[in-house]
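> Each residue of the sequence shown is one higher than the one before, counting from 21 in our numbering.
One should not assume that every hint holds.
Said to hold, decoys possible - Label pairs and their in silico Cβ distance ranges:
#, residue 1, residue 2, range
1, Glu60, Ser141, 34 to 40 Å
2, Gly177, Glu207, 31 to 37 Å
3, Asp38, Asn209, 18 to 24 Å
4, Asp28, Lys128, 20 to 26 Å
5, Glu60, Lys128, 27 to 33 Å
6, Pro94, Glu207, 21 to 27 Å
7, Gly225, Gly80, 37 to 43 Å
8, Lys55, Val133, 40 to 46 Å
Keep in mind that the hints were calculated from the coordinates and are not lab data. Nothing here was measured: the structure is a model prediction, and the numbers come from that model. Quick reminder that beta carbons are idealized off the backbone N, C-alpha and C, glycines included.
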Amino acid sequence: MVHLYAADTGNLTDPKEDPALLSELDAERKCRIMKYLKAEDRKLCLGAGLLLNRVLPRYGVSPGAVRAGADGKPEVKGICFNLSHSGRIVICATAEKEVGCDVEQIVKAPEGVAERFFHPSESAYVNACVGEERDHRFFWIWTMKESYIKMTGEGMGLDFSRFEVLPDSGEIKVCRDGKLLSCHIMEYNIPGYKVSVCAKEEFAGVVEYVDLRRTSG
21 MVHLYAADTG NLTDPKEDPA LLSELDAERK CRIMKYLKAE DRKLCLGAGL LLNRVLPRYG
81 VSPGAVRAGA DGKPEVKGIC FNLSHSGRIV ICATAEKEVG CDVEQIVKAP EGVAERFFHP
141 SESAYVNACV GEERDHRFFW IWTMKESYIK MTGEGMGLDF SRFEVLPDSG EIKVCRDGKL
201 LSCHIMEYNI PGYKVSVCAK EEFAGVVEYV DLRRTSG
């Protein structure tokens, strides 16, 4: 079963001003957080680490056991997971098999990106509308495609135009190089954002929100 967890980082303090917030994170994430120049980016990276620390123990897994896999994707024995963040929101998807997730704050869609990177059918779908509807369509497609390449571990090394997302009887499926794949994509509702998760399992239909405040002890 695929589960999606989310947290709002808006109320977190900038870790540069309150280093104690980093106490429960590993050295690699602490270093990554402090490399960011903007407070908002430091808080997002902090939030992602804290969210993972809250989620993994639910599956009997220690956050300290997370290691980079052969493709560089973080992994841990016992559960598959994936992280993403945008705006103020951080998300973590978990599953028994490989899973990918993406969240994007809905802003004005960049010009020319759909035409340059999306499959022709997706580009046509995005450009069939203007204004806010076009923005929503762009980020809907973008998050679905991101969730797929994060599930496979191929990342941006896979040309976005080589695969397309297709609605089919209420489910979103993926077609790659002309072949329909077994994975599915689920869209979740977080106001002001587009959120997609790609996996080969059944999806829990709701987002579980997590409190990132310090735990006692």
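> Next, verify each hint and record whether it holds.
The hints, checked one at a time:
1. Glu60 with Ser141: 34 to 40 Å: Holds - the Cβ-Cβ distance for Glu60 and Ser141, about 35 Å, lies within 34 to 40 Å.
2. Gly177 with Glu207: 31 to 37 Å: Given about 25 Å between the Cβ atoms, the range is violated.
3. Asp38 with Asn209: 18 to 24 Å: violated (32 Å)
4. Asp28 with Lys128: 20 to 26 Å: Once the Cβ atoms are compared, 23 Å apart, the range 20 to 26 Å for Lys128 and Asp28 holds.
5. Glu60 with Lys128: 27 to 33 Å: violated (18 Å)
6. Pro94 with Glu207: 21 to 27 Å: holds (24 Å)
7. Gly225 with Gly80: 37 to 43 Å: For Gly80 against Gly225, whose Cβ atoms are near 24 Å apart, the range 37 to 43 Å is violated.
8. Lys55 with Val133: 40 to 46 Å: violated (27 Å)
In this structure, the earlier hints numbered 2, 3, 5, 7 and 8 are contradicted, and the remaining ones agree with it.
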